[in-house]
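Protein chains in written order, with my numbering: chain F, 1 to 103; chain W, 1001 to 1165.
Derived from the structure by calculation, the hints contain no laboratory data.
Be a bit skeptical, because a hint or two may be false.
Cut-off 25 Å, straight-line C-alpha distance, at most; resulting in silico cross-link-like pairs (DSS-like, lysine-lysine) [said to hold, decoys possible]: (1) W:1135 with F:98; (2) W:1135 with F:88; (3) W:1101 with F:76; (4) F:88 with F:55; (5) F:98 with W:1058; (6) F:76 with W:1120; (7) W:1008 with F:89; (8) W:1058 with W:1004; (9) F:55 with W:1101; (10) F:98 with W:1009; (11) W:1004 with F:98; (12) F:76 with W:1008.
Residues of chain F placed beyond 10 Å of chain W at every Cβ, according to the derived structure [stated by the list, open to error]: (13) 2; (14) 8; (15) 13; (16) 20; (17) 23; (18) 26; (19) 40; (20) 54; (21) 70; (22) 86; (23) 87.
All residues carry an ideal CB built from backbone N, CA and C; glycine is no exception.
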Amino acid sequence: MAPKTYAGITVDVNEEGYLTNSSQWTKEVAVEIAKEEGITLTEQHFAIMEFLRNKHNKGEALSIRSINHSGVIDVKTFYQLFPGAPLKKATKIAGIPKPASCI
Amino acid sequence: MEQKYPIKKVNIICAKGAIEDVYATLILGNGAVMEGIKTNLFFTFFGLDAIVKNRMDKLHTAVVGNPALRLPGGMRMPTLLGVIPGMEAFTSWMMKSQMAKLDIPPVSEFLDLITAGGGKVYACKLAMDMFKFKKEDLWDQVSSILTVGEFYELAGGEGSQIIFT
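Based on the sequences and whatever the hints tell you, model everything.
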């Protein structure tokens, strides 16, 4: 665990760059992490990240399937918003742990 | 973690049509798509059932000749029980309901997730001919019907792996 500063805010991250304390997360922090991932955040990004954060706070497991049931965006759009590894990137930018799910 | 030789593409062959065989392919395939790995799924022989429209969501698991199959409680399922009418359908229903509890989607929805992420689905030409299937019998999002040679062409490239489930 090491502290890192994004947008003037110091947060704790693990060796993979995921926030270890999701309450330190702010939208400004998200914008900076997203930049490192090569992503410029839009309202749609924030809407789906809010869904992911809520789900995480309720202790529910995150899966790619749950995105389709989010009512925010479909899976295809999710892949377009976070190209490459969408769930891993979206959780990283949303300040929550990397999902331990196989689906 | 940075790898020196990362897997960039997987080509998964599904040749069997039981629930567990098809899901091995789907879970490996979806997992690859989620990691940003280019993914090709190739369905052949009995595995074709997974991409035949009116069969894909009605797969069964074998209750005869399946020594790993156990009854609730952990006792081995005697082979003779497997021949009771309805046992295969019941066991298959049980498996599907257990998977649904883990948020594992039905076959058609799982394939939707894979193709939404850019994964491609192919059918084997020889098996299509053998089982007398036509293109119209297949799930709408099957990219094309391939010969073995075409499959190998597709599978080529640095960091590419062929997996047989």
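Here is what the structure says about each hint:
Proposed proximity of residue 1135 (chain W) and residue 98 (chain F) is contradicted: the alpha carbons are some 40 Å apart, above 25 Å. A hinted pair counts as satisfied when its Cα atoms are at most 25 Å apart, and residue 1135 (chain W) with residue 88 (chain F) does not qualify at roughly 36 Å. Between residue 1101 (chain W) and residue 76 (chain F), the direct Cα distance comes to roughly 24 Å. Compliance with the 25 Å bound is thereby established for this hinted pair. Restraint check for residue 88 (chain F) and residue 55 (chain F): the C-alpha separation of about 15 Å stays at or below 25 Å, so the hint holds.
A hinted pair counts as satisfied when its Cα atoms are at most 25 Å apart, and residue 98 (chain F) with residue 1058 (chain W) does not qualify at roughly 34 Å. At roughly 14 Å between alpha-carbon atoms, residue 76 (chain F) and residue 1120 (chain W) fall within 25 Å of each other, so this suggested pair holds. Taking the CA atoms of residue 1008 (chain W) and residue 89 (chain F), the gap is about 18 Å. The hint holds against a cut of 25 Å. Distance restraint check for residue 1058 (chain W) and residue 1004 (chain W): the Cα-Cα separation of roughly 42 Å exceeds the 25 Å cut-off, and the hinted pair is therefore not satisfied.
Between the alpha carbons of residue 55 (chain F) and residue 1101 (chain W) the distance comes to roughly 17 Å, so the proposed pair stays at or under 25 Å and holds. Distance restraint check for residue 98 (chain F) and residue 1009 (chain W): the Cα-Cα separation of roughly 23 Å lies within the 25 Å cut-off, and the hinted pair is therefore satisfied. Among the hinted pairs, residue 1004 (chain W) with residue 98 (chain F) is consistent with the structure: their alpha-carbon atoms are about 22 Å apart, no more than 25 Å. For the proposed pair residue 76 (chain F) and residue 1008 (chain W), the alpha carbon gap of about 20 Å is at most 25 Å, so the pair holds.
No Cβ of chain W approaches the Cβ of residue 2 (chain F) within 10 Å, the least distance being about 16 Å, so the stated non-interface status holds. With a minimum CB-CB distance of about 29 Å to chain W, residue 8 (chain F) clears the 10 Å threshold, and the non-interface call stands. For residue 13 (chain F), the shortest C-beta to C-beta distance to chain W comes to about 15 Å, beyond the 10 Å cut-off, and the non-interface label holds. Every CB of chain W is more than 10 Å from the CB of residue 20 (chain F) (nearest about 18 Å), matching its label as outside the interface.
Under the 10 Å C-beta cut-off, the non-interface status given to residue 23 (chain F) relative to chain W holds; the minimum distance is some 27 Å. The non-interface label for residue 26 (chain F) is consistent with chain W: the shortest C-beta to C-beta separation is roughly 27 Å, beyond 10 Å. Distance check for residue 40 (chain F) against chain W: the nearest CB is about 19 Å away, which clears 10 Å, and the non-interface claim stands. At the 10 Å boundary, the C-beta of residue 54 (chain F) stays outside the reach of chain W, the nearest C-beta of that chain being 17 Å off.
The claim that residue 70 (chain F) is not at the interface with chain W holds, since no C-beta of that chain comes within 10 Å of its own (minimum 13 Å). The Cβ of residue 86 (chain F) sits about 7 Å from the closest Cβ of chain W, inside the 10 Å cut-off, so the non-interface label is violated. Residue-level check failed: residue 87 (chain F) sits 6 Å from the nearest beta carbon of chain W, not beyond 10 Å.
The structure fails to meet hints 1, 2, 5, 8, 22, 23 from the earlier list, while all remaining hints are met.
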